[in-house]
Amino acid sequence: MSVIVYTESEQNKFKKAAFEVASYAKAVADQLGTTVTAVAINADDTSELGNYGVDKVLKVSNSDLENFNAKAYANVLNQAASSEGAQVVVLSSSADSKYLAPLLAVGLNAGYASNVVEAPSSTSPFTIKRSAFTNKAFEVAEIKSDVKIIGVSNNSFGLVENSGNASAEDFSPSIPELGVTVSSVDKATDKVTIADAEIVVSAGRGLKGPENWGMVEELADVLGAATACSKPVSDLGWRPHSEHVGQTGKPVASNLYIAIGISGAIQHLAGINASKVKVVVNTDPEAPFFKAADYGVVGDAFEVVPQLIEKLKTFKAQQ
Amino acid sequence: MKILVCISHVPDTTSKINFTDGDTKFDTNGVQFVINPNDEFGLTRAMWFKEKQGANVTVVNVGGAETEPTLRKALAIGADAAIRVNTPATDGFSVAKQLAKIVEDGGYDLVIAGRESIDYNGGMVPGMLAGLTNANFVNNCIGLEVDGTSATATREIDGGKETVSTSLPLVIGGQKGLVEESDLKIPNMRGIMMARKKPLTITEPVDANAGTDSVSFEKPAPKGAVKLVSPDNLDELVDLLHNEAKVI
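Chains A and B supply the protein sequences, listed in that same order. Counting in this note's numbering, the first sequence runs from 1 upward without gaps. Counting in this note's numbering, the second sequence runs from 1 upward without gaps.
By construction, these hints were calculated from the structure, which means they are not laboratory data. Treat the hints with caution; some may be incorrect.
[As the list claims (entries may be wrong)] Computed beta-carbon distance windows for the label pairs:
no., chain 1, residue 1, chain 2, residue 2, range
1, A, PRO210, B, MET189, 34 to 42 Å
2, A, GLY33, B, LYS101, 56 to 64 Å
3, A, LYS313, B, LYS16, 36 to 44 Å
4, A, SER124, B, SER165, 56 to 64 Å
5, A, ASN212, B, ASN188, 20 to 28 Å
6, A, LYS291, B, ALA81, 22 to 30 Å
7, B, ASP12, A, VAL185, 47 to 55 Å
8, B, THR163, A, GLY209, 24 to 32 Å
9, B, ARG190, A, LYS291, 25 to 33 Å
[As the list claims (entries may be wrong)] One-sided and incomplete, this derived list gives chain B residues near chain A with beta-carbon spacing under 7 Å:
no., residue
10, GLY123
11, GLY159
12, PRO205
13, ASP207
14, ALA208
15, PRO222
16, LEU228
Backbone N, C-alpha and C define an ideal beta-carbon position, used for all residues, glycine too.
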């Protein structure tokens, strides 16, 4: 009996999503009247997890797990869930968690609900709400299996602080044959990723060419935001595919999404709709994005964005 | 090389989403169905393996007879044969169990599925299928080369990409990048004529428990009107984002 949560780390430090899923796991554990056990793989300091309701941490330190491997990580979580007699396993919606979750589901013969946006509305039957139809709707679903896996949608539950102490215990699982080995990683370490970002600054064809992206990057810099783009922009090769957000690109669930020169095709809006606050800058007041946005500026991006950067710099300096 | 491409039959990306029967069923009225975009990138990559490496390509769908036009389209694009498992696609786990039976019976070396369908967005089937068939698995795959029984794949990760080496049998969860948008094939008349003669086998399902059950659907609350800010008064925008929206 307990709720297991996989708290992801990067370069030995927890990601923000780790604290969000820990907060979620605590809410589920309270509903079930049980405790939260976190699994931390190659993380240095696990004490911080106590602040988000974790009671116990299973610390795994193993150099074979230095690179993420879905099969091995799923196997480690499977062993942890079995040794703790877990009823529920909570994961994030990161690319890695979504990669390992279906493998873990097979291992535990568990029903898995991804993109879950709220704490369970009932634990008997076990009922959750998840986003579906690329954020155009929500689905209420029942997880029917004995063990349940929940993938929490990023930025949906938020961080809930809990004063507590997380006791740490070493956990040494066996590691299966990997099957897939990493030969090279190409990753900008100094940039905020779209998945982790609280603010995303995104631009479209209205910017006229890739040479005009300097101001988008500067705006993102001022806000500590990630940069993204619309589908036509990535199809034209102005920006890398990894920045494409929308229905066939990456989903965005940030606190603030700023769209510059993006008209707001239904496929784009679907992909970014989970963002809490949306701002649009566009010359065309009839652009569909204005119907989806909270705040809008009808104006030329080449005039509005540089001014906005200056205003924000002044604002940040006063903070 | 025998390739199986899993095809989801999904509403077109421009579809309006509505529900019927007390919000318990997706309303298919007036909705155009297409090959799931993530699957279509995979199918197009499979066509490349067929042309360059002589692969044999079968497409499969788990669903009712209404999905057959989508399978015929995949045949018109160039797949050699199609299989329909005659049962509604209830949840990811039960679909993966049906597909695992097809993979075992057909002895496929490479299974290509989309990383997720654009309707239920479960993102489960490729990984569960790999787990059930004990195959290697690469998700969010944006590049794939196969040489004999070894494979090199590129996977999108948060903030970048990584290259991995692995071996067949292999399941991939594919997406855009596996091929480019401009590589997608629109079936021509010859392809459509030939597709009519290609085999579309209907098989009956195996017993497979679902892990989850859909209870009902909700649409997001309607949005309030946009607040417009004059481009000459951007201080107001900064103020609204700080004091009203509290996001900066």
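Structure-based check of each hint:
1. PRO210/A with MET189/B: 34 to 42 Å: Distance hint for PRO210/A, MET189/B holds at roughly 38 Å.
2. GLY33/A with LYS101/B: 56 to 64 Å: 40 Å, violated
3. LYS313/A with LYS16/B: 36 to 44 Å: 42 Å, holds
4. SER124/A with SER165/B: 56 to 64 Å: 46 Å, violated
5. ASN212/A with ASN188/B: 20 to 28 Å: This hint is violated: roughly 39 Å between Cβ atoms.
6. LYS291/A with ALA81/B: 22 to 30 Å: 45 Å, violated
7. ASP12/B with VAL185/A: 47 to 55 Å: For VAL185/A against ASP12/B, whose Cβ atoms are near 36 Å apart, the range 47 to 55 Å is violated.
8. THR163/B with GLY209/A: 24 to 32 Å: 30 Å, holds
9. ARG190/B with LYS291/A: 25 to 33 Å: For ARG190/B and LYS291/A the Cβ distance comes to about 43 Å; the hint is violated.
10. GLY123: 5 Å, holds
11. GLY159: Constraint on GLY159/B satisfied, holds at 4 Å.
12. PRO205: 18 Å, violated
13. ASP207: Nearest chain A Cβ about 14 Å off; hint violated.
14. ALA208: 12 Å, violated
15. PRO222: Hint violated; PRO222/B Cβ to chain A Cβ min 10 Å, cut 7 Å.
16. LEU228: With a closest approach of 5 Å, the LEU228/B hint holds.
When the structure is compared with the earlier hints, violations turn up for hints 2, 4, 5, 6, 7, 9, 12, 13, 14, 15 and for no others.
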